[in-house]
Structure formats: structure tokens, C-alpha cells
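Engineer: Sequences are here, hints too, so could you generate the full structure?
Residue numbers (the working numbering), protein chains in the order written: chain G, 1368 to 1591; chain E, 84 to 211.
Bear in mind the hints are in silico, worked out from the structure with no lab data behind them.
From the three backbone atoms N, C-alpha and C, an ideal C-beta is built for every residue, glycine too.
Any given hint could be a false lead.
[Unchecked claim] DSS-like cross-link-like pairs, simulated, lysine-lysine; straight-line CA separation at most 27 Å:
| id | chain 1 | residue 1 | chain 2 | residue 2 |
| --- | --- | --- | --- | --- |
| 1 | G | Lys1443 | G | Lys1384 |
| 2 | G | Lys1384 | E | Lys202 |
| 3 | G | Lys1450 | E | Lys138 |
| 4 | E | Lys88 | G | Lys1450 |
| 5 | E | Lys138 | G | Lys1443 |
| 6 | E | Lys89 | G | Lys1443 |
| 7 | E | Lys138 | G | Lys1449 |
| 8 | E | Lys88 | G | Lys1384 |
| 9 | G | Lys1443 | E | Lys92 |
| 10 | E | Lys89 | E | Lys138 |
| 11 | E | Lys92 | E | Lys138 |
| 12 | G | Lys1384 | E | Lys89 |
| 13 | G | Lys1384 | E | Lys92 |
| 14 | G | Lys1443 | E | Lys168 |
| 15 | G | Lys1449 | E | Lys202 |
| 16 | E | Lys88 | E | Lys168 |
[Unchecked claim] Sample of chain G residues facing chain E (criterion: CB under 8 Å; computed from the structure):
| id | residue |
| --- | --- |
| 17 | Thr1401 |
| 18 | Ile1406 |
| 19 | Gly1407 |
| 20 | Ser1412 |
| 21 | Gly1413 |
| 22 | Tyr1416 |
| 23 | Asp1420 |
| 24 | Ile1426 |
| 25 | Pro1432 |
| 26 | Ala1457 |
| 27 | Ser1491 |
| 28 | Ser1499 |
| 29 | Ala1512 |
| 30 | Thr1518 |
| 31 | Gly1540 |
[Claimed, not checked] Stretch-level coverage of chain G by chain E, calculated; a stretch enters the list once three of its residues show a Cβ under 8 Å from a Cβ in chain E:
| id | region |
| --- | --- |
| 32 | 1385-1393 |
| 33 | 1475-1486 |
| 34 | 1505-1511 |
| 35 | 1525-1537 |
| 36 | 1547-1554 |
| 37 | 1557-1566 |
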Amino acid sequence: MTLVWPAFTILVYFCSKWLYARTRKLYLTPLVVTPAVVIGALLLSGSSYDTFDRGGHWIGEMIGPATISLAVTLHKQIHVLKKHARAIVAGVTAGGLAAVAVSAGLARLFGLAAPIVDSLAPKSATTPVAVSVSGALGGLSTITAVATLATGLTGMLVGPLLVRWMRIRSSVGRGILLGTAAHSAGIAKALEYDADAGACAGIAMVCTAFVTLCAAGPIVALFR
Amino acid sequence: MKSAKKIVKITLQVGFFVVMSRASDLAVEALRLPIPGSILGLLALFALLELNIVKLAWIELGAEWLVAQMLLFFVPATVGIVRYKPLIESSGAAILVTILLSTAVVMTIAGWVGERLGKASREEAASL
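Structural biologist: Structure representation (C-alpha cells):
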């Protein structure tokens, strides 16, 4: 019985992946469709989240190995970082610090509760890092996971508009813009420009994770 | 037969990442490090790759598979949102506006700085 939910989740995931590959519609991304279908099925069958989690928690535990595998991305693209070190380090540091400060500041301004402020602060980092930073700050991992997903989708929608309005023409600039703000969703979008933009976005994502890891604590403390 | 061999390879290599993940979680716990286990693992593996102790070919297929299925691993966390219905009703709009505005601001800053310095370094390279 405990294998029904994870098996269903994986089946829905691969179906939605196939659907997304065929249609390329942003709202059909597997990360929106799969949870939506699984939540729908949970509600319809009257099952609780705990039932789902008992069988399916190991799917979420694969985030650890997947994060470590980013070392391979970093290793393969380190030459991009070396070539554009100044632009990437400066752009990512400025953007990464702003991400935490603006998210926490706005959340505070809107009167959101402290755990929600903590949950939103690291959302520009790649999800595994965002979730673990959020946990260390006192945030809720689910809220951070969903907020990080929403950030990625926002970035995919707004990023190309900003690239046009700001007349960002270099692959480096485009990659940094997308990778710093919108993690892996940003990389996917950057790859639609060219391979260089994708590589810069990949490096920007990894660097943003480190900036968030180091700076989130002290910055969020300013907004308490 | 070729694809069966590939599946075995991917499985073994993903197994390597799972073992590495467990080991780095344990190391972070034992040494009381202030970073997540997965980040320690990422840094350790990056060092091993750069030093050529671990060869790229040993783990490349597994890494590609893990990165390609990354979205699947976040599904459980996202499904967890069903437990937060009251929060979504009371604060969902404010959270959404925060996400929209902050993402736009971050993109503007990162893109502007990156574009300026990216261009500067290219012009420098061209003038050499």
C-alpha cells in the first residue's frame, strides 16, 4: 500500500514531463502539474498528507544526492567562471544579497509572520540550498519549496522581458540575470538564448547558493 | 543490450551519490559544521574532481540523470502545501507579490552589473 503514492507520483511526473516536452507551455512544467495532480488525487481519495509522506518521503530525500551532483556541473563549467570571473562574482554577489534583503524586507513590510519572512528570504537559491537555509533560519521547508518554485516560474516569465527592456545583449549578462534570480528555471531559459548564457546561468546559480548560505542569516537578522 | 548496460551504469552512479550524501550528512553532524550536508558533499566532490582523484567519466551519467530528474525530488515538498491552507488564504497574496517584486529587482541588479562588467572584460580582451 505504501508504494501506491510514490508510484503514482512518478507516473504522473513522467507523463507531465512528456507533455511539457511536446507543448513547451510554462504552466505545464512537471513541477506544477505533478503536485497539482497528486494534491487533487489526495483530496479526492480523502487521504492525508501523512499517508502520502509515509510512502513517498524517499523521493524528497533524493534532493541531497541531486545537490551533490551539481559538483559535476561546477567542474564542467569552471572555465566559464574563470573567463568571466569579475562579471559573475560582482553580479551574483549584488543580486544574491539583494535577493535576501528585498525578499525579507518586502515580506516584513507586508506584515508577514517571522517564519514566513525566514521562508521567503533564501528563495533565489537553488531549492535544496534554499530549503536548508530556511530551516536553519526558522522557516518552513514547504513554504520555501513552493516559494522557490514560484520564483523560478516568475523568473522564466519576467526574465526575457527584462532582458529586452534593459537591452542586455551579452550572453554573460543574460546568464547572470537568469541564473542569479531564478536558479534552475533560469538556466533552462538562458539555454534558449545560447550555450554560453546557459553556462553562465549554471555558474551563477551555484554561486548564488553560496552567497545565500553565507549572507542570509545576518541579512534576515536586520529585518527582525 | 547497450541501453541495459547504460541503465546499470546510471543506477550504480546514482548509488554513489546517495552514499556520498549519507556520508556528508553524517560528517556534518559529527563535526557540528554550520553548513548543510549536501553543500559539504558538493564541495568535497568538486575538490575530488578538480584534483582528478574522482574521474568525470565514473559519475557523469549518474549526475546527468539526477539533474534531469531534479524536479521530481521537489514534488513531495510542494505537495506539502496542502497542510497550509489557512496560511495561503490569509497571506497568499502578500507572498506572491513579494516573490514577483523581489525577483524582478534581483534580475535588474544582477543583469545590470553582469552586463556592464561582462562587456568591460570583453572589450579589454579585444584590445589586447
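Engineer: Can you give the numbers of the hints that this structure goes against, from lowest to highest?
Structural biologist: Hints 2, 4, 14, 16, 19, 20, 21, 32, 37 are the ones this structure does not satisfy, whereas the remaining hints hold.
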